[in-house]
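Chains Z and P are the protein sequences, given in the same order. For what it's worth, my numbering labels the leading residue of the first sequence as 1, then goes sequentially. For what it's worth, my numbering labels the leading residue of the second sequence as 1, then goes sequentially.
No lab work stands behind these hints: they were computed from the structure. Hints should not be assumed to be uniformly reliable.
Calculated pairs, DSSO-like style, for lysine-lysine (alpha carbon to alpha carbon, straight line, at most 30 Å) [to be verified]:
#1 P:89 with Z:419
#2 P:127 with Z:419
#3 P:89 with Z:127
#4 Z:226 with Z:127
#5 P:419 with Z:127
Protein chains: 2
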Amino acid sequence: MKGNRTRHQVVIVGGGFGGLQAARRLGRAPVDVTVLDRYNHHLFQPLLYQVATAILSPGDISAPIRGVLRSRNTLVLLAEARSVDLARKVVVSDGGEIPYDTLVLATGATHSYFGHPEWARFAPGLKTVDDAREIRERLLLAFEAAEREPLPEVQREWLTFVIIGAGPTGVELAGALAYMTRHSLPRDFRRVDTSKARILLLEGLPRVLSTYPEELSLKARKDLEKLGVEVHTGSMVTGVDDQGVYVGDTRIQARTVLWGAGVAASPLARTLGVPLDKAGRVKVEPTLAIPGHEDVFVIGDLASLVQDGKPLPGIAPAAMEMGRHVAKNIRRQLAGQPMAPFRYKDKGSFAVIGRGTAIGVLYGRFRLSGKPAWAMWLGIHITFLIGFRNKLAVLFDWAYTFLTGRGDVRLITSLHADKLPPILPPRPPEKVEAVRVAPVPGSEPIPVH
Amino acid sequence: MKGNRTRHQVVIVGGGFGGLQAARRLGRAPVDVTVLDRYNHHLFQPLLYQVATAILSPGDISAPIRGVLRSRNTLVLLAEARSVDLARKVVVSDGGEIPYDTLVLATGATHSYFGHPEWARFAPGLKTVDDAREIRERLLLAFEAAEREPLPEVQREWLTFVIIGAGPTGVELAGALAYMTRHSLPRDFRRVDTSKARILLLEGLPRVLSTYPEELSLKARKDLEKLGVEVHTGSMVTGVDDQGVYVGDTRIQARTVLWGAGVAASPLARTLGVPLDKAGRVKVEPTLAIPGHEDVFVIGDLASLVQDGKPLPGIAPAAMEMGRHVAKNIRRQLAGQPMAPFRYKDKGSFAVIGRGTAIGVLYGRFRLSGKPAWAMWLGIHITFLIGFRNKLAVLFDWAYTFLTGRGDVRLITSLHADKLPPILPPRPPEKVEAVRVAPVPGSEPIPVH
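For reference, chain Z alone in the conformation it holds in the complex:
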């Protein structure tokens, strides 16, 4: 074994599912591992929509990366990688250059606005904790604004929600929002009936959850409609602003628009100067190394690999398997052995639609829907959650939500006076009285004691 000064330096960029697995599996290897991430926490992204819809707290689904990676050969640094210089073997970060002997890139994907970056501020997407908080705040604020709004037509706009894209994120958001408006919120409002809120799910393709078999897409659509979601497939959004969207020439007035559509690889990929696929992902060899660069691996959503004629799916289990595989190949390289090709074993995938309903495919063959699919989805997510505490805390929050039917992490923490409508006074003028829910007729004076 070499001395410390010349230990082999493995640099891993990204503390998501792939990067974390790679780092863990190298925790006892004779290398120095440096993990860079621009956030200090690993995020269990599959449940992020539950933060956005006020069911879970951000802390429930995240864990500090340095708390997870406590091997003494592993250094965790809060830093943003800006580019990679393959020739000089350095990662250029916001804190300077970090040299590597072996590099693992696992910076994942972000949302793409199909060439319309100006839509981003009107229709936030869901990738980070701050994204989830922003969406949560917008959703909650819309109901608060509706309760204040004196004009019925504007009130309807506040109670109209458009979700663009019916992939897993869009479907999850639509389903959770439908539940929120129909079950959690109605009793809390006096002037508006939140159960009348319109939730429109717009999808450009002919069906929802289009990576699943057609039969399951149809079931998902029916379940969404049963929950109260208006599903519009084949509906390409052509414009987004702060008061609604255009689908072709049709205008939909809505004060809240959310983005669940396109995915684009992290921009770090473009700095490599190697071939990328259409979504900007790095085309990798079956070993997961970049062609011609056996010292640079790319994994997770940032990697593009075709297996049996199909691209690998951008889901957490695939990223985790790749992370483990890269750790194995690095150890093989160090031992002078040839690298092994990666083979993804598809155990299955699930998409949740709403409380008590989901769809899923197991081992590429068994198709599930409704309650059984949801029960499996629940079990899988609890099992995979990293860290003891998170599991129990999430179980607890979920149990509460199901017992009471109310998500309760309803926090608006910033001030929004600029966005809110004028208030209909508690004693409103005669003509708009109709908007108002009548006060309790049966309430009696209580004797003073």
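We have chain Z already, so just place chain P on it with the hints.
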């Protein structure tokens, strides 16, 4: 009873401990109640320092106001009250004027920088959820910056924390931070020893927690010092900037400064045009009404009332009692009965110092400290937490923290490249090698399988 059109309108400004109690007690009275708050949630402020120190999530200690106040005569509006016009009997809000028949002001207090508002951005105080997140992010970021920092003298500045003011908030923050640096964090860092972090608690008065008996102040000081906090009493801060503070002419270099000092009443008080005390609180009659205005009540931290020669303390139990009392007086007024004077019954108060230690006074006579005081503090806080879910979630988080010794809501969710130092490369130049913790000597190559 009058018809709905002319129901008596009670407007309550503020959804804190006082406002919430008043609204609840009027929930079945023959009045319309409107509650205004600029936030949508009630905050259990006594535990906010645990959010700031990454032990609890904001959702654990807050509850949506409209979820708490679900009586059908009660309307909750997200709105900021800007002034009160006593002559015209309207509250001027960001959404327009809201007329009242009876007004209850319960907007509490904010921190005061003793005439130095420019210190606020260098030394954040702790009143809102966003304040707590800001402090949490600054604390966590300081350790991340220290881990990156190549220069030992700057590293020491990142590991120096100054807390100004040794009232309950300052003491709580100092104690929790000491625990964090000594117990939760050390194993997670490689290049710095967080247990060497300096925590300075600066107090202008001669002792800490000066509203408590001197004997308890001394015990608190000893406990703080045992936890690793450097307590400096009689130390008036004369300057604050982004790299430290001045105490008189003495400079203390510190990259993180927190504010736990002065309290000032909410600025709404000044718009009333009635006599205020030195801290800007409204002087109220024993009925809790403003002198000469029997239709306007002021409660909680916004009210100034001297009882038995002593001002009422600005604590949650006092605010809650005042809220209940005002509801009673309003019902008496409606029934044509004379109002009752308020009498605060001091059941006691506690200040927590750190894990397992606190001080407290019960019924003005029994003095507690150490573990017994802490156990009582714990029980009282759990009992008072509003809402079933919160109680259990907090219990759970606390239990976790005590079992593992680690707070785990360690979230940095914004990007801070501009604030972070350059990175000492993983393979640093010879001369600074000493800064680095040596890699594991005993780690062996793992056979590839």
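Is the Cα-Cα distance between residue 89 (chain P) and residue 419 (chain Z) 30 Å or less? With a Cα-Cα distance of about 26 Å, the restraint between residue 89 (chain P) and residue 419 (chain Z) holds, given a limit of 30 Å.
Taking 30 Å as the top limit, are the C-alpha atoms of residue 419 (chain P) and residue 127 (chain Z) close enough? Judged against 30 Å, a Cα distance of about 23 Å means the pair holds.
Measure nothing beyond the straight line between the CA atoms of residue 226 (chain Z) and residue 127 (chain Z); if it is 30 Å or shorter, mark the hint as holding. holds, 28 Å
Is the straight-line distance between the alpha-carbon of residue 127 (chain P) and that of residue 419 (chain Z) 30 Å or less? holds, 23 Å
Verify the proposed pairing of residue 89 (chain P) with residue 127 (chain Z), using a straight-line Cα cut of 30 Å. Given that 30 Å is the threshold and the Cα spacing comes to 48 Å, the pair is violated.
When each numbered hint is compared with the structure, a violation occurs for hint 3 only.
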